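K.L.:
Assemble chain A onto chain S, guided by the hints.
Order-wise, the sequence lines are chains S and A.
Everything in the first sequence is counted per this note's numbering, starting at 1 for the first residue and increasing by one.
Everything in the second sequence is counted per this note's numbering, starting at 1 for the first residue and increasing by one.
Derived by calculation from the structure, the hints in this document are not laboratory data.
This structure is a prediction, so every number in the text was calculated from the model and none was measured.
All C-beta atoms in this analysis are idealised placements derived from N, C-alpha and C, irrespective of residue type, glycine included.
Wrong hints could be hidden among the right ones.
[Stated by the list, open to error] In the BS3-like style, the derived pairs of lysine-lysine whose C-alpha atoms are separated by at most 25 Å in a straight line are:
1) Lys224(A) - Lys34(A)
2) Lys18(S) - Lys68(S)
3) Lys181(A) - Lys18(S)
4) Lys18(S) - Lys12(A)
5) Lys41(S) - Lys71(S)
6) Lys71(S) - Lys18(S)
7) Lys165(A) - Lys68(S)
8) Lys68(S) - Lys12(A)
[Unchecked claim] Label-pair ranges, simulated between beta-carbon atoms:
9) Lys181(A) - Val52(S): 47 to 57 Å
10) Ser80(S) - Gly166(A): 45 to 55 Å
11) Asp94(A) - Leu78(S): 57 to 67 Å
12) Lys71(S) - Arg155(A): 15 to 25 Å
13) Asp42(S) - Arg236(A): 50 to 60 Å
14) Arg236(A) - Leu73(S): 42 to 52 Å
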Amino acid sequence: MNLFERLFDKHSSARTAKQRLQLVLVHDRTEIPPGMLALIKDDIVAVISRRVNIDRERVVVNITHEDKTSKLLVDIPLLSGKDSQAASRAQSETKGPDQRTNSASH
Amino acid sequence: MAGEVITVTSGKGGVGKTTTTANVGSALALLGKKVVVFDGDIGLRNLDIVMGLENRIVYDVVDYVEGRCRLRQALIRDKRAPELYLLPTAQTRDKRAINPDQMIQVCDELRREFDYIIIDSPAGIEQGFHNALAPADRVLVVTNPEVSSVRDADRVIGLVESQQKGPVQLIINRLIAARVKRQEMLSTQDIMDVLSTEIIGIVPEDEAILSSSNRGTPVVFNGKGPAAMAYRDIARRLIGEDVPLSPPQPTSWWQRLFGKTE
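Next up, chain S with everything else stripped away, as it sits in the complex:
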């Protein structure tokens, strides 16, 4: 850590506090503990990949909170047929079109 980083780190502790609060409050408000998201992600991956080929490594499950509404945002990149053959041999670099699935919770 250089001098600049040390200064920056010290001076932004208020920003760190705000970011940590925003994250923890999303979980407090929805009553979904942070570790639960990993389990939900595993479940979704298992269900979806039974029907279509998805890029398991890039699935993202997040909670967003705007005004009084919370949403579970699930981002599941699909693999095209060609990609999925490649993916079955090794994790391919080429990505299929992203498809965003929203399901409201809370």
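P.N.:
Relative to chain S, chain A alone:
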């Protein structure tokens, strides 16, 4: 017209609920309102000592609820303002000595005689908190610019809203403008962004608070410092005056040298 019940709460302990109750209540009384400050913390009473009235307690609200005295006998008159009273709680009982229905009944009786009933809620979210919340027409949530009290404030705001109590307004207590400027402390804006709740007052950190509770004289009675001014502004906002909310500015070396008033 019936009086308004204002509950002061926070979730976290030690953020300044009792100091806020004492000062906002006293400031309202100094504005000519008929006020009772009501200690809601059964078993850990402190509003009496912060107000400097601890030696005058004979009966308390539990005595009234259990029929040992009339409500008038439990009220302690504070002569420093025209119409200011303390309703103390019991020191040797626990939260279950009073239930929410009884709190509503006591407050309904007080409403007939007083303009404002300010309840000092206990910390936590157990029965004492629910007792203090039950009769509320308005809720003031006190928080410090610090992660744990902001998190607890969010939890309390959620509970208040889920019980359809409110409006809920926020008091940011013990703000140190110089540390906010150095980005070492959450700012008023940061807290607003995180909690999205209306702010009714910002009380700067002020050494005068400790000496005022040492003496049992809330700062609004004769203080000229930043906390006294902030509490008076909150009282004026509560009675409907339009007092602009301005985040405190750091004091300059010049003010620190020459501006000391207390």
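K.L.:
Does the structure keep lysine 224(A) and lysine 34(A) at a Cα separation of 25 Å or less?
P.N.:
The hint holds at about 23 Å.
K.L.:
Look at the Cβ atoms of serine 80(S) and glycine 166(A) and judge whether their distance stays inside 45 to 55 Å.
P.N.:
Once the Cβ atoms are compared, 52 Å apart, the range 45 to 55 Å for glycine 166(A) and serine 80(S) holds.
K.L.:
Just tell me: holds or violated, for the beta carbon distance of aspartate 94(A) and leucine 78(S) against 57 to 67 Å?
P.N.:
60 Å, holds
K.L.:
Verify the proposed pairing of lysine 41(S) with lysine 71(S), using a straight-line Cα cut of 25 Å.
P.N.:
OK: lysine 41(S) and lysine 71(S) at ~15 Å, within 25 Å.
K.L.:
Given the hinted pair lysine 68(S) and lysine 12(A), is their Cα-Cα distance within 25 Å?
P.N.:
The given pair, whose Cα atoms are some 23 Å apart, holds under the 25 Å limit.
K.L.:
Against the 25 Å threshold, does the CA-CA distance of lysine 18(S) and lysine 68(S) hold or violate the hint?
P.N.:
19 Å, holds
K.L.:
Okay, arginine 236(A) versus leucine 73(S) on CB: inside 42 to 52 Å?
P.N.:
Because 44 Å falls inside the window, the suggested range holds.
K.L.:
Determine whether the Cβ-Cβ distance between lysine 71(S) and arginine 155(A) falls within the hinted range of 15 to 25 Å.
P.N.:
21 Å Cβ-Cβ, so the 15 to 25 Å window holds.
K.L.:
CA of lysine 71(S) to CA of lysine 18(S), is that 25 Å or under?
P.N.:
Judged against 25 Å, a Cα distance of about 21 Å means the pair holds.
K.L.:
Quickly compare the C-alpha distance for lysine 18(S) and lysine 12(A) to 25 Å and report which way the hint goes.
P.N.:
Status holds; Cα separation ~18 Å.
K.L.:
Given the range 50 to 60 Å, decide if the beta-carbon distance of aspartate 42(S) to arginine 236(A) lies inside it.
P.N.:
56 Å, holds
K.L.:
Does the structure keep lysine 165(A) and lysine 68(S) at a Cα separation of 25 Å or less?
P.N.:
Judged against 25 Å, a Cα distance of about 16 Å means the pair holds.
When each numbered hint is compared with the structure, no violation occurs for any of them.
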